[in-house]
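Participant: Residues per chain are reported as follows:
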Amino acid sequence: MNDERAMQQQPGRTPAPPHLKDGPGPGSPEAAALDATWRDPPGLLGWLAAVNHKAIARRFIVTTFCFFVAGGLLAFVMRLQLARPGARLVGPDLYNQLFTMHGSTMMFLFAVPVMQAVAVYLLPLMLGTRSVAFPRLNAFAYWIFLFGGLMLYAVFALGAAPDVGWFSYVPLAGPDYSPGKRTDFWAQMITFTELSALLEAIVVITTVFKLRAPGMALNRIPLFAWAMLVTAFMVLFAMPAVMLASTTLITDRLVGTHFYNPAEGGDAVLWQHLFWFFGHPEVYLIFLPGLGFLSAIIPTFARRPIFGYTAMVLALIATAFLAFGLWVHHMFAVNLPELGKSFFTAASMLIAIPSAVQIFCWIATLCSGRLDFKTPLLFALGFFFILVLGGLTGIMLASVPLDLQVHDSYFVVAHLHYVLIGGAVFPLFGAFYYWYPKITGRLMSERLGRWNFWLFFVGFNVTFFPMHLLGLRGMPRRVYTYQAGLGWDTLNLVATLGSWIIALSALLFVVNALRSLRRGAPAGPNPWGAGTLEWATESPPPPCNFHAIPVVHGRDPLWEPPRAAADGGPPPFTHVGGLAAHTRELLATTVLDARPDLRVNFPDPTIWPLVSALAVTVLFIGSIFTPWAVVWGSIPIAIALTAWFWPRRAETAVHLRLEQGP
Amino acid sequence: MTAPRRELDVSALPSYAFGHRSLMWWGTFGLIAIEGTIFAIAIGAYLYLRSQADSWPLGAPPPDLLWGSANTLILLASIWPNQKAKRAAEARDLVRTRGWLLVCLLFALAFLVLRGFEFAALHTRWDHNAYGSVVWTLLGLHTVHLLTDTYDTAVLDVLLFTGPMEGQRFVDVSENALYWYFVVFSWLPIYAVIYGVPRLH
Amino acid sequence: MMDALHDVLAPFGPQAGHVRGLWTLTLAVCTVVFAAVLAALLVALLRAQRAGAESAPDLSSLGRPEPGRRRSVIAAVAASTLLLLALIAASIFTDRALARLSTDGALRLEVTAHQWWWEVRYVEPQVADSFMTANEIHVPTGRPVIVTLKADDVIHSFWVPSLAGKKDLIPGRTATLNFRADRDGIYRGQCAEFCGSQHALMAFFVLAEPPERYAAWAAAQRRTAGEPAEGQPLRGREIFMRSSCAMCHAIDGTSAQAVRGPNLTHLASRGTLAAGSLANTPEDLRRWIADPQQVKPGSYMPATRLSSEDMDALVGYLQTLR
Amino acid sequence: MRTPPLRMAGTAVLALASSLALCACEREMRRFETPPDNRAAPRPEAPRTSALQPAEARSDPVRLPAGNGEGYEDNAYNVAQGKRLYRWFNCAGCHAQGGGGMGPALIDDQWRYGSEPAQVFSTIMQGRPNGMPSFGGHLSEDQVWQLTAYVRSMSGQLRKDTAPGRADALQANEPEAARDREPARPGAK
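Chains as they are written, first to last, in numbering that gives the first Met the number 0: chain A, 0 to 661; chain B, 0 to 200; chain C, 0 to 321; chain D, 0 to 188.
One chain only, chain A, in its complex shape (with noise of 0.2 Å):
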């Protein structure tokens, strides 16, 4: 391993004295070695063998709001398509693939990887300690991520895009009626993306579960940190249907499987049984993180912590298992007992209910709190009016009779996005706004961040609305194009004029965004005068995180920091010591109320997970041109994950000095 040794020499990597053990807080000489040891190597290979969770986490962030410009583009485009009846913009063609492109990129490319990215980055700050678990498995769930999505926009390039839609319903995208590759990509795009947010699922639930800081009990950790817990779970659960669907799809297309093929014992409706199973938690996984930032949000900008953090919890765990038990409401149309879509009409409505109490608790905790009305708090507002009303239409989805009036028109394309950009878009703005500081140490400007949210919240509501009407009229979706004189030109219009304010608050925040990164104002470790610990250490975290790791004694640690005892008995802690400085040792606690527990070696950063990422890329394009590519691609996979695995003398001998049984 060379690049090992070339590693080894950086000036980055000159191990510490081992008797460095951490504790003196910043400034000390353990702190500098700290830092030492966490920070990534320098040099293109170092940034290629990062495992730092925040490096990780500003790429994979980066990337998905790349994807989700991209197919907000595409969506543009298919506003200026639709802006006048019988246009010639594009072709029926391109436009199948251009909504395509635009559905399977926000949902698999954006919503949820874009959600366990900033997970990745904040988790470890929130939870008070040095790295998520698995980091180099972190590493590699990005990369495979990053590969999968490229691949999909470069055949989106060369005119190879799938065009069956994000659902991609057979038999019109199995081998009879979607002939050439574009459907195979699509499937091995969802291998790609789907594997990745596993990965990163495993990866949340172990950090979350072993690595809080001591005192940090379950019922003590942010209500962000619950929302992407319950969502990694429902990522567990819900993630495998779409991959086995996928595989099926591609199978029937590339070696003459018959899952789909009625005419040998297969079924169209299995695939959407298999999809929607899938496809409905993967709204909730897009919301319930959403939900998380509202949570970090409101408390801050209302001065007091939140109120009703039990039932908030438990909401979410409800959301999480009502979500299971209402995919069918996605095929009312489909002639299925009628006593079953009852059943799914109730749970599709009840599920209403878990949200409310959010909702109700949220408006406590405003109207007791001291409001600071900054653009984070103003994108959590928006929130209350949009995915508000997109729910109401959720609730009118939910009961057949009306959704067979108006399922698959545009009044769904209304709803879905009243939910989605409600309910997970406005709040990712306002976690942008609100987090952008502690990552990269400096303010966003406010006036352009009013500006954007102005914007943004009329535009959405100036494109999106109209589509309500348009569906009570008739209008269906996924159309190219529409005649005139159907009562249905005007509201079309007013959709793509709203759509161009939309573009121009994007704009403005790419903007804010970049400028900010120069001219911003410094921010200071805790601008917000925020409770949770992420705000305890500078902006930007240093490579270790926390110098010395906070012991925890509320909800909002920084709210409610340690008190000696009033009857004079010995002070509380108030931090953590003895931890290797020299090598990665971090601190492992109990699960239930985080007492120390572990002090675990972390692996040093290695170019290995994207070895294995490249190597596994190769297999799944590989297997869309033969099934052979499955038996010599998965050669190099074993010998990248070997490599990966297989330990480093030096590092073992640091360990070993380190080791302590049982």
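Wrong hints could be hidden among the right ones.
[As the list claims (entries may be wrong)] Partial selection, computed: residues in chain D whose CB lies under 10 Å from chain C:
(1) R29
(2) R30
(3) F31
(4) E32
(5) T33
(6) P34
(7) W87
(8) F134
(9) H137
(10) L138
(11) S139
(12) Q142
(13) D167
For the record, the hints were derived by calculation from the structure and aren't laboratory data. Virtual Cβ for every residue (Gly too), placed ideally from N, Cα, C.
Add chains B, C and D to chain A, keeping to what the hints say.
Facilitator: What follows is chains B, C and D alone, placed relative to chain A:
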């Protein structure tokens, strides 16, 4: 008033542990949850397709019981060396861990060989009809898990013989055994579905 | 083009009517809830004091519970739960009502969806009385209709907003949809499930007529195409038979019996061409035959290049198919 | 320090991408406009008999087309269209799913009148003695080229990534994309 700095010294804590105290255990747990869900959904698909068909299995006799049952026995038997390996690892007995891991490996290889015969005994192909497709998928999925865990065990054992040794390796062995149990116990419902359901009337 | 009704909120039959009723109720409830939530939020924003980031957080809630707030939150949740239960009940009752549509003496249709047009078969007790048409469904006003839905290639969805909710047509399965048109009129329907290149131009029309007008229309539809007059029409038929037309289309009473495209026996009696893409005028018919890809890119109808007098003859013949 | 290998890798990737681009483009393109040279004049001389038997084979000398079906065989969409037309126009009536019946087998490429695209084209256009009807005039030229491409795919003569996969129908034999060129099957007329 806020308290003065007081350090919680953790330098005496163990640096590795077995079971759910170790991060590895949670990683393995996550994998098991994912794979288990995949199996469950694949079985669901099997039963769904059956519910759509007038006769089952489609255009083929039920698969022969011989190899499948033989494999089930071997697989169940392989719990024993795994348990031994797990115990040895948790006792941090390098020599016996190596040995028992080797035995596990032999079991796995024997199983993989028989698995070949099992495919032949299905009397159908993935491209004959939906029944063939779903049976091959079920059996294929499980075989993939066998292959990966076999390879995993092999690498681990080679590491125990040649590589630099530290306590964490014993945890890896213990988690490897845990995953193997999953491969064994997930097989039982799959066995019941592949070999039992076609015989139901 | 036929100006037709296609509005969920303007029902012209009992099925769409029930849904309209449910819609009104749900919309009312949802509007009230929406207003209430926003009002509560607004009150909260107005009542709450203002403070900056530097101000110390108010930790009083940590010490003592907030019974007042808890009570109001619980009340709000309880209220929303009750409203939801009410809506569930309403939805289920509407479902029952939809299922109860009487089908005595119903007219039986069989609709088969193709990429990208609708094949309509009127199924009568006597096979001789059954007949085929395409993209245009005539029904007698006030008489229930039972539509059997099938798909020939991919999944489509049958939707006439003014008459009833939609139903998917899935290859390898059949579904049925019952509706009744209570008022004369032309109701537009369109495929609602994405089905490929021309999903956008896959419309059809339901024409509800008084029973006697319907009967007359049906009688006309049962007639096979007569012998065309000498001269242009006759020549037109020759061209039809000898060009690519006859490979896909059928004209009852001639040797053209192919079933790949719409049955043209009564083409001239229809209001539109190419599944509602064009008005059925000689000019548009010319355009359509000469180069379908200009009108409906990706449609499966090949271009037929004819000399202009041949085209005149062909179009002239097709015009006689009433 | 590692720039030269990087640059090499970069150029390699570029070359790969561009070659990919070319094949992907022609493989995936869907031309929805009718080719200008597309003639489908009615055939006054031969009366149509039935859908299965559009017209007797022509007695006049065989005329090969100008081109050799460029742009059809390497385009998945066109091949798929050919497969649809094969089904629509009931070619299976004589040739079955390629196994042959009344007509000769098509899953081997030992064809009496040649297996070059141009030869297959004129076989379809003009028909052949003793059975093979002439579809000239009844099919537009691009349709015949699409059929030609598909017919050749049945004997595995096309790129694997443009040949069709399995159909949503009863399976007679393996998907065209999975077939390799076979030697003549004895007994197949």
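Participant: None of the hints should be skipped; say for each whether it holds.
Facilitator: Consistency of the hints with the structure:
Below 10 Å, beta-carbon pairs count as interface contacts, and D:R29 has one with chain C at about 7 Å; its hint therefore holds. For D:R30, the shortest C-beta to C-beta distance to chain C is roughly 9 Å, which falls under 10 Å, so the interface hint holds. Using the Cβ-Cβ criterion of 10 Å, the hint placing D:F31 at the interface with chain C is satisfied: the shortest such distance is roughly 4 Å. Evaluation of the D:E32 hint against chain C yields a held restraint, the C-beta minimum of about 5 Å falling below 10 Å.
Interface restraint check: D:T33 against chain C, minimum CB-CB distance 4 Å, threshold 10 Å, status holds. Checking D:P34 against chain C by beta carbon gives a least distance of about 9 Å; that is within 10 Å, so the hint holds. A cut of 10 Å between beta carbons decides the hint on D:W87: the least distance to chain C is about 5 Å, and the hint holds. Using the Cβ-Cβ criterion of 10 Å, the hint placing D:F134 at the interface with chain C is satisfied: the shortest such distance is roughly 8 Å.
Because the closest C-beta pair between D:H137 and chain C is about 5 Å apart, less than 10 Å, the hint holds. Hint on D:L138 holds. Least Cβ distance to chain C is approximately 6 Å, under the 10 Å limit. Hint on D:S139 holds. Least Cβ distance to chain C is approximately 4 Å, under the 10 Å limit. Annotation: interface hint on D:Q142 holds; nearest CB of chain C at approximately 6 Å, less than 10 Å.
About 7 Å separates the beta-carbon of D:D167 from the nearest beta-carbon of chain C, less than 10 Å, and the hint is met.
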